[in-house]
Amino acid sequence: MELLQQVVQQLINGISLGSIYALIALGYTMIYGIIKLINFAHGDIYMVGAYIGFFAITQGGFSVVGALLISLVTTGLLGMLIERIAYKPLRRAPRISVLITAIGVSFFIEYTSMYFVSPTPRTFPQMFGDVAVSFAGIVINGQQMLILGITAVLMVLLTYIVQKTKTGKAMRAASFDTETAELMGINSDRIISITFGIGSALAAVAGVLVGIYYNSIDPLMGIMPGLKAFVAAVLGGIGILPGAVVGGLILGVVEALVSGFFSSTFRDAAAFAILILVLLVRPSGLFGKNTKEKV
Amino acid sequence: MFNSKKLRLGLALLGTALISSVLAGCGGQADSNTIKVGANFEMTGNVANYGSATLDGLKLAIDEVNDAGGIDGKKIEIVTADNKSEASEAVNAATKLISDDKVSVIVGPAVTANVIAESQVATDNKIPIIAPDATSPDVTVENGQVKPFVFRSCFIDPQQGTVMAKFAAENLKAKTAVIYVDNSTDYSKSLGKVFKEKFEAAGGKVLAEEAFLAKDQDFKATLTNLKAANADVIFVPAYYEEVGKIVKQARELGITAPILGTDGWDDPKVADIAGADALNNTYFSTHYSDKDESVKPFVEAFKAKYGHMPNVFAALGYDAGKILVDAIKRAGSADPEKIQKALEETKDLKVGTGTITMDKDHNPIKQAVILENKNGDRVMVAKIMPE
Amino acid sequence: MNLLRKNDLKMLVFSLVLFGVLQVLISERILSSFWQLNLVIIGINIMLAASLNLINGYTGQFSLGHAGFMAVGAYVGVVLTTNFGVAFPVALVAGAIAAGFLGFLIGLPTLRLRGDYLAIATLGMGEIIRIVIMNIQYVGGAAGFKGIPHHTTFAWVFFLMLFTLFFIKNFVNSAHGRACLAIRENEIAAESMGVNTTRYKVMAFTIGAAFAGLAGGLFAHSFYLITPASFTFMQTFNYLIMVVMGGLGSITGSIAGAFVVTFISAALASWPEFRMIIYAVALILLMFYRPQGLFGYMELTNMGFLRKIFKKGDEGNA
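Protein chains in written order, with the working numbering: chain R, 1 to 295; chain L, 296 to 682; chain H, 683 to 1000.
Be careful, since some hints might not be right.
Part of the chain L face toward chain H, derived, beta carbon under 10 Å [what the hints assert, rightly or not]:
(1) 382
(2) 385
(3) 388
(4) 394
(5) 412
(6) 432
(7) 433
(8) 466
(9) 467
(10) 509
(11) 512
Computed footprint of chain H on chain R; a stretch qualifies when at least three of its residues, placed anywhere within it, have a C-beta under 8 Å from a C-beta of chain H [unchecked claim]:
(12) 69-82
(13) 203-212
(14) 257-270
(15) 276-286
The hints are simulated quantities; they were obtained by calculation from the structure and are not laboratory data. Computed from a predicted structure; not experimentally measured. Built from N, CA and C at the ideal position, the CB exists for glycine as well.
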């Protein structure tokens, strides 16, 4: 194979991997934007979404679209429930205590799931035939395009919600200054709850798509993608929607290129190295505004 | 600011809990009507699926004995301890089993590194251990010396690596190969090394060696490289979860070459993940074929108890249980050193996956088979009897 | 000043008595070897929690790279003792220096970052260290480093832990330590008061990393084998949990946190299926009822029932 051909194929591999990071990172960045919480449980919510989708298909006999909707709604509600039970009582607590709670929630979801569904991985039944476009030795898989497409659509939809709708305006207001927003008549608890719902639903979409694409899910599947998605969100400037998508894509491409042309065992190290380098040049991420701190 | 009353109460409760549980550990004497067997496994953490599957197999073997009345009227009790898939925790768990639970023998852990860490504690306390899945030669032998208290119930890496290299060169007439190993396990790395050595000795050429890490999801970047190398065969000595994804993604990228593997492949999940079509033209070595009449009783019993087919970990856990029961029977006591002697003398014992004899390095001498995945079925293409 | 020394002396006497009691329990074999091992682990975890507390609690810099520094100390230590036959104490010191030096190198550029950005950058650094170790065949790669001599005894751990605690306590109470506290409270205000913030942040980070390296050396020599898998970011979370559970900015808290977390983990060993679930629930409940941790900013020497022994006004902020 020609070198150019290989580079193109690696770019395609990277973009398809990156669009999954991007999808998880979108929810991450939304939640961070509003309550400044690194929600370490986000990756595990993604796992729960995958399992709900799995059971909807195998036990409930739903189609992919049906399973996606069921998973999206239940996981969204679960996200709101988790926020209500675990994070809301800590609204006034130090941020680090909320972070530790998030780690606790993460362990709790992982190991209760492991108790109920066993640590053995599950496999989705074959959902689509193998649609692959192939030209000049370069292969693009149908599911890769589907994931990329859904990520793009969701990003546009989210940007619309956040920028144009009333709820979105309330979200931005609450994220900018919660107290002032409340004085202006915004019910910030409700807005935070909705944000968790949307963020978790996004994670569920990613979970089901990944389940179908890679065809294997297990109770600890959320740890690494969760961390990577967080890296992607920070890379793009945390709290910024297009930033999350761009961050995810950059991460995916870097990983593919490093695996392809250097060594895949250094792939994660390269991902972190890129993050650190970007942060040293732009301390608030690629799209982040560098706010001057005032006394 | 600080409620010291509440804290004092809390501290007092904590102290009481501490002392009672620490002292509880000291009293635990073995009941004379049971023989305690420790099970030190990966039950949480990264490789929990391997540890718990092995434990399932072990439990089945022990239940069978207990249901049949035990050994000389004594029941076997399994005491489990979780090692969180981590070497230092494996030492911690083994220490607990030995010092607090006073077990006579330990089965596990699953992963090589954890067994090696544990083996020191076992040797110091003279408690025999049986490692069901640890295939690295270093597990039972160190600097040319056999570790007296460490046994295993599976192949060692050189055996399988040689079998597959020979198969590639002779049966598949392969001239070139690429090797794709899991860099996070000893198992995969040492099999890759053996394969390379033997394949090159048989006149073949290894064009490229690539690596991935356990729990990876996406293999396409490296597979693109392997595709470019265009070798006759691809050797992937790895565990089933990653193998399923690798085979699936390799076929998606248009790689048609035969893919070879080892006993880590032996799990129905591989076919589920990769799909029957993608899995065509792949071969792997393992311990038994489930179509073999002599293996049926085990497979049926396992399916009856757990409702699904056993994988290689479960089968090896079951074998370890059988070896253990046989040794306790012949030792005629729960004394660890007598059990150790009996384990050394294991000979022509029928276990779940065949017949084994313990060699002088504490490795079982057993048959190997090579299976081909063909349209959703597994066909035995070779049976290699021990020399 | 005089008061402070007197309290230190009392603390030292108390520690020696505690050591004597525990040593008798060990040598008389009243404690089973499982609990002996866990005493060693508790001691090592106290060192890690206290050193992380110096960075996170006292200086207010959110670092998540602690397991990486621990790994450096561990690997440098075992290579020196196993492959070069260097004496154990020398290897420990070398490991600590190596980890501290690396902490300095990493801290210098990254400590410009703030809050969560610093957290993810240090987490990344820790992971990079681990991945690099995993790719060095000389130390066994992912399979781990085998055949480590068993040098770590309870006495080593206890006295090095004591040294760590006294060092960190004295550092915090020194002028340098005050500068660190000022940075935690308000970095801009501290800077405008003439505190060289970069210098003190890097100083605290380097000291924290060095003690993590020291603890790593002790950790490695208590087990026969170490693998890079023992030093993942999940391990750092564990130490962070100990610090926050005990109370950020309280050394007593770090001791209590390390003790409670290690103890829960050991005591629940017989219920592997539920161990992590119970642990998670305990963590969440504790954060509900005491979000500031068990001890908040308090020290044991400053609390009601002990104040009589350790006279009031000993540690201003603590």
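The hints, checked one at a time:
1. 382: holds, 5 Å
2. 385: Status holds, d = 9 Å.
3. 388: holds, 7 Å
4. 394: holds, 4 Å
5. 412: holds, 4 Å
6. 432: violated, 12 Å
7. 433: Hint on residue 433(L): holds, closest Cβ of chain H at ~7 Å, below 10 Å.
8. 466: violated, 31 Å
9. 467: Hint on residue 467(L): violated, closest Cβ of chain H at ~30 Å, above 10 Å.
10. 509: Because about 9 Å separates residue 509(L) from the closest Cβ in chain H, which is inside the 10 Å limit, the hint holds.
11. 512: violated, 17 Å
12. 69-82: violated (count 0)
13. 203-212: Three-residue rule not met by the stretch 203-212 of chain R, so violated; n is 0.
14. 257-270: Coverage by chain H holds here, the residue count being 5 at a Cβ distance below 8 Å.
15. 276-286: holds (count 6)
Of the numbered hints stated above, those contradicted by the structure are hints 6, 8, 9, 11, 12, 13, listed in ascending order.
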